[in-house]
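For reference, the chains in residue letters:
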Amino acid sequence: MTASSLKVGARVTLAAGDFQHLLDALAGRGYRVMSPTLEDGRLIYGEIGKVTDLPIGWTAFQEGGTFRLEHRQDQAFFGFAVGQQSWKQFLLPPHQTLWQAQREGSGWGIIPQVQEIPQFAFLGVRSCELEAMAVQDRVFLQGAHVESTYRARRESAFIVALNCAHQDPGTCFCVSMGTGPRATAGFDLALTELLQGEEHGFVVEIGTDRGAEVIRQVPRRAATSGEVDAAARAVAAVAGNMGRRLDTTGIQELFYDNYEHPRWDEVAARCLNCGNCTLVCPTCFCHTLEDSMDLPGAVAERRRRLDSCFTVDFSYLHGGSIRTSPRSRYRQWLTHKLATWIDQFGCSGCVGCGRCITWCPVGIDITEEVRAIRETAAGPPKE
Amino acid sequence: MAPKRKPKLSVWKFASCDGCQLSLLDCEDELLTIAGAVEIAYFVEASRAMVKGPYDLTLVDGSITTAHDAAVIQRVRRASKYLVALGACANSGGIQALRNFTDVNDFIDAVYAKPQHIKTLKESTPIAAHVKVDFALNGCPINKHQLLAVLSAFLQGRPPMARSHSVCVDCKLQGNVCVMVMGAPCLGPVTHAGCGALCPTYHRGCYGCYGPKETPNPAALSAWFSQRLGMSEANLVRAFRAFYANAPAFRQESEAHDK
Ligand code: SF4
Ligand code: SF4
Ligand code: SF4
Ligand code: SF4
Ligand code: SF4
Numbered sequence: 012m013t014a015s016s017l018k019v020g021a022r023v024t025l026a027a028g029d030f031q032h033l034l035d036a037l038a039g040r041g042y043r044v045m046s047p048t049l050e051d052g053r054l055i056y057g058e059i060g061k062v063t064d065l066p067i068g069w070t071a072f073q074e075g076g077t078f079r080l081e082h083r084q085d086q087a088f089f090g091f092a093v094g095q096q097s098w099k100q101f102l103l104p105p106h107q108t109l110w111q112a113q114r115e116g117s118g119w120g121i122i123p124q125v126q127e128i129p130q131f132a133f134l135g136v137r138s139c140e141l142e143a144m145a146v147q148d149r150v151f152l153q154g155a156h157v158e159s160t161y162r163a164r165r166e167s168a169f170i171v172a173l174n175c176a177h178q179d180p181g182t183c184f185c186v187s188m189g190t191g192p193r194a195t196a197g198f199d200l201a202l203t204e205l206l207q208g209e210e211h212g213f214v215v216e217i218g219t220d221r222g223a224e225v226i227r228q229v230p231r232r233a234a235t236s237g238e239v240d241a242a243a244r245a246v247a248a249v250a251g252n253m254g255r256r257l258d259t260t261g262i263q264e265l266f267y268d269n270y271e272h273p274r275w276d277e278v279a280a281r282c283l284n285c286g287n288c289t290l291v292c293p294t295c296f297c298h299t300l301e302d303s304m305d306l307p308g309a310v311a312e313r314r315r316r317l318d319s320c321f322t323v324d325f326s327y328l329h330g331g332s333i334r335t336s337p338r339s340r341y342r343q344w345l346t347h348k349l350a351t352w353i354d355q356f357g358c359s360g361c362v363g364c365g366r367c368i369t370w371c372p373v374g375i376d377i378t379e380e381v382r383a384i385r386e387t388a389a390g391p392p393k394e
Numbered sequence: 007m008a009p010k011r012k013p014k015l016s017v018w019k020f021a022s023c024d025g026c027q028l029s030l031l032d033c034e035d036e037l038l039t040i041a042g043a044v045e046i047a048y049f050v051e052a053s054r055a056m057v058k059g060p061y062d063l064t065l066v067d068g069s070i071t072t073a074h075d076a077a078v079i080q081r082v083r084r085a086s087k088y089l090v091a092l093g094a095c096a097n098s099g100g101i102q103a104l105r106n107f108t109d110v111n112d113f114i115d116a117v118y119a120k121p122q123h124i125k126t127l128k129e130s131t132p133i134a135a136h137v138k139v140d141f142a143l144n145g146c147p148i149n150k151h152q153l154l155a156v157l158s159a160f161l162q163g164r165p166p167m168a169r170s171h172s173v174c175v176d177c178k179l180q181g182n183v184c185v186m187v188m189g190a191p192c193l194g195p196v197t198h199a200g201c202g203a204l205c206p207t208y209h210r211g212c213y214g215c216y217g218p219k220e221t222p223n224p225a226a227l228s229a230w231f232s233q234r235l236g237m238s239e240a241n242l243v244r245a246f247r248a249f250y251a252n253a254p255a256f257r258q259e260s261e262a263h264d265k
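Those sequence lines, one after another, are chains U and L. Using the numbering used here, the letters of the first sequence correspond one by one to residues 12 to 394. Using the numbering used here, the letters of the second sequence correspond one by one to residues 7 to 265.
It is possible that part of the hints are untrue.
Examples of chain L residues lying across from chain U (beta carbon under 8 Å, computed) [stated by the list, open to error]:
| id | residue |
| --- | --- |
| 1 | E36 |
| 2 | L37 |
| 3 | T39 |
| 4 | V117 |
| 5 | S158 |
Cβ pair distances, simulated, as ranges [to be verified]:
| id | chain 1 | residue 1 | chain 2 | residue 2 | range |
| --- | --- | --- | --- | --- | --- |
| 6 | U | G308 | L | R81 | 24 to 34 Å |
| 7 | L | A225 | U | L109 | 33 to 43 Å |
| 8 | U | H106 | L | R244 | 33 to 43 Å |
Taking beta-carbon pairs under 10 Å as the criterion, some of the chain L residues facing chain U (in silico) [unchecked claim]:
| id | residue |
| --- | --- |
| 9 | R169 |
| 10 | R234 |
| 11 | M237 |
I should point out that these hints are in silico values taken from the structure, not numbers from a laboratory. Beta carbons: idealized from backbone N, C-alpha and C, even for Gly.
The shape of chain L in the complex, shown without the other chains (with noise of 0.2 Å):
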């Protein structure tokens, strides 16, 4: 049953783009039934924290990439019972992480004009990097039919469920033609499922925007993508290092071929 309160739902938001809320935004049918069965209450960017709570359901895009960030979300769990992390930023580092890979002050001294200005980490880490989370959602961005299976789970006090098999078995159950076997390289063996095999359906090679599976394999498809596919090693970096770029077995895969 539904606890008689209504829960208190807040919403953080550090580095990312703000898709993944905008997917809470996006889900404009069912925003009206959102807002009656949740109190939610707080819901702008971190940066401007004031943090109150408690939050009953707390949901948090975006990656660690300032002091400040890494001090406000000790903060925020410390006022959360259950912390959701939404997307590739907040459970892998995001696209900006591929500074993990470089020296972030080339970056700053690239870009800005006064990089004396520029306070940042030298790496963009995952929300799991620096307090305990729940529940992962992936996706860059998060598919809201999930986002909204997630809050019904928490609503009705059951485990949330995103499969994390294959974007292969979505795929198939889609009825597509497979593309790899067609002759393009495709992500969706190493990838989770969320996305409903988008590219694919599309005939599109996956681009692995959800990160990697469980147990996934990517070494054997680098492989096949290179023997067989006539990938070049460069290539290989690129199709790894991408939104999901410091997910451990991306990462590991990409440094593999970065020579």
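Next comes chain U alone, as it looks inside the complex (with noise of 0.2 Å):
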């Protein structure tokens, strides 16, 4: 095929045995590929060089407050849905300083941060994972103040998609919250994986033009129906076999009419207030500032670091925490992401990639506890 055919929206076939060129025309302009793979025995986002850096025949076996990675039949390179972290670690660092100063006779000087922007290259982002960038892009890119690490790697970044197929049904629910499982914006390139019928590999559809310019380094040929529609095929099996299910409708009333319910107590007498729901998801984006100062006093530095409302210390105010009790600190959280977020940003502050459900050390369920709530809601207050 020729070079001039390859336009956003086009779809060509990658052999799997080429998918080495694609990692090395990513490398070779420069950026760190960041995707899925094994280190010691756990399932992590790390920057790879290699296919064989894959977590190729592996797949994962998961349920509320259960990860369990498997051995598939075939070779999958992708056969797993999203694993603990998220791209959010690499958009916004977990911890960073913002500034030091040092002291100047009677007075301080700032000593300027030299912020080293990476230039990522993310593989294997899923439709889901999409959207909580897209979320994440209304919280720090929008109105007046506008976040500048996160603007600065997030504009950088290269994004390989990949459409969910031949995976395990997990806690995933973004057929739900209408996210997923295809990837329809916001990449550069996004594949899906070909297992049957046809031989290994990938149909890969072009995103932008920069997209393009790595496909055209890369030995590929025009996509043929019957692979277009064999991931089609595969993205629709995902869709129709999915882990959770959330009812969204009139889901800002259910819980504004329901503050009082009887559930909050019963959660939260299962709930740890350990805070893992929040550092998972991929769109919680809470932070706190902590100032030290070395021990002659001569330094200080203030540093941000993600921070979770599930702790005692996030709602602190002048002379104490509002929030002490964990009932009100789970209804926070539930609360925040399914219903205040849309008054506040516009769209869901969830996204049904599952991750809380999964990495809940007690598999305390978000699609369970609104059911439970709206199964005896207690309706409008009446007037």
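Mind docking these for me? Both chains are given alone in their own frames, and the hints should help you get the complex.
In structure tokens:
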């Protein structure tokens, strides 16, 4: 096929045996390729250089509070849904020194912080994760206060999306949230893995001009209609077999009418208020600032770090914390994710990735909590 | 601003392994700075104490296990403007508080050749059970970076900060994949942060050696340990009856399974 036919929206096929060329083309353009990979038997997002760094032949069994890697029958490169980590760790680092100051005579001088902006290529970004980035864009890039670290990292990142196929239904519910499992926007390239029938390979959809430039450097051929259909069927199979479901009808009213629902006490009895759900959630953005000074009192420092509304310190205002009970903290998390987020940012704070369910140490399931409240909802308060 | 006169620091040891005091000596790079910033006025074992003072800042490690120590801590408190309790022993009674769950005389008879010479109290108790503690720094042993932060805050006249949220928060910030969700029991969700999630970073469950976090929920964690991870009642007792056995939240939980 000719280079000129490589336009945005075009689909080509990349043989699994040629995948290394894609990694090399990205590396050749100066990108650090970040991808799902195994480290000490754990599925993480880390830097890779070789195809063999991918979790080839692995799948993940996921349930509330449970994650197990298992061998597959085939050699799928991406035969699992998302793991614990999310791309937010690269777009806004969980720890960052914002500034330092040094005592100079009777005053202070600011020591400038030199920020290195890594150029990332994210490989294997699921549709729910693209949507989560779009949610964080609203948080960090809109309005009067733009987050400069996030913006610099986000703008330079090259995105290779991955349509979900050939995976365990796990704890995903993107179909309920309208966020997946097929990537529709926000990528440079989008892959769908082909395993059955056709030879092992990938249908690649070109999303941007720079995506087309990368594909020009990779051996490929025009995708056949059979391959495009097979890809669509594999994604549809995932869509038809979601691990969870969440009914979002009237979701804001449901929460606003049920602040005193007995279910909040019931879930608080099981919740450890450990904060894991917010920390793994790809849209949760809350950070706190911490100041410190060295022993001689010569250098002061302000650091930012990821925080969680599950800690008692999180709601510390003058004189004390306003959310001392675990009940009020669980209610804050769920209400923010699914209801007040819509008032605040015009979209839901949940993209249905299922991480908060799998990675809650005691398997508390937000879809189950919403269902329980809905089943015995109080209804709107009487006039 | 730091006061013009160097603040006087005293360090006291009661029943403990010395680990927390060693954390201070372990601050090799910073020791000279500390010595330059404070006057180290007292730093020996409490049992040989001649309490003078007054001291601006007093660090106490160890729990109270004898009538003699119970009297000394009263005098230490009177001589100290600001008192910081260091570690599991000073803040909960330590591992030696295992005696609180049984009859201490059984231990004495089993361990000592001449039990009649042993004078000890029935229980090992934290410093706060005897006198007012201005700040509790937890850990078994404490983290030296946190100790330095406490000293620095004191010198700057700011309240010290040692976050009381779960170990999980620090664990996630480190980027660790959760060992508990991968199948190993972990006390991180009920344990006070401070260690930097040391054990999970090395793929081990947390042992709870920084004591209970703020608003802990050990009962919910135990239920998961037993129902989902198959932990026996005896092992649940052991899980909560260790470094912070006598801390109320952990004590209550181990007693609930000790039938
Ligand atoms: S939630 Fe949907 S898009 Fe996300 S991993 Fe699961 S199936 Fe894929
Ligand atoms: S819902 Fe689960 S992960 Fe979230 S705070 Fe509660 S116990 Fe922790
Ligand atoms: S709330 Fe849970 S399911 Fe929704 S986006 Fe966050 S982690 Fe994923
Ligand atoms: S759910 Fe909690 S941690 Fe997440 S964004 Fe909302 S307030 Fe912040
Ligand atoms: S490994 Fe332990 S400390 Fe870390 S997040 Fe999991 S439960 Fe919490």
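Against the structure, the hints:
1. For L:E36, the suggested interface contact is upheld, since its CB lies about 6 Å from the closest CB of chain U, less than 8 Å.
2. This hint is violated: L:L37 has a C-beta 10 Å from the nearest C-beta of chain U, more than the 8 Å allowed.
3. Here the hint on L:T39 is kept, as its CB sits about 5 Å from the closest CB of chain U, short of 8 Å.
4. At a threshold of 8 Å, the smallest CB-CB gap from L:V117 to chain U is about 38 Å, leaving the interface hint violated.
5. A hinted interface residue such as L:S158 counts as satisfied when its beta carbon comes closer than 8 Å to some beta carbon of chain U; here the least separation is about 5 Å, so the hint holds.
6. Between U:G308 and L:R81 the beta carbons are some 32 Å apart, a value that agrees with the proposed interval 24 to 34 Å.
7. In this structure the hint that L:A225 and U:L109 lie 33 to 43 Å apart at CB holds, the actual value being about 40 Å.
8. At about 35 Å, the CB distance of U:H106 to L:R244 agrees with the hint of 33 to 43 Å.
9. For L:R169, the interface hint holds, since its Cβ comes within 10 Å of a Cβ in chain U; the closest pair sits about 7 Å apart.
10. For L:R234, the interface hint holds, since its Cβ comes within 10 Å of a Cβ in chain U; the closest pair sits about 7 Å apart.
11. Checking L:M237 against chain U by beta carbon gives a least distance of about 13 Å; that is not within 10 Å, so the hint is violated.
Of the numbered hints given earlier, the model fails hints 2, 4 and 11; all others are met.
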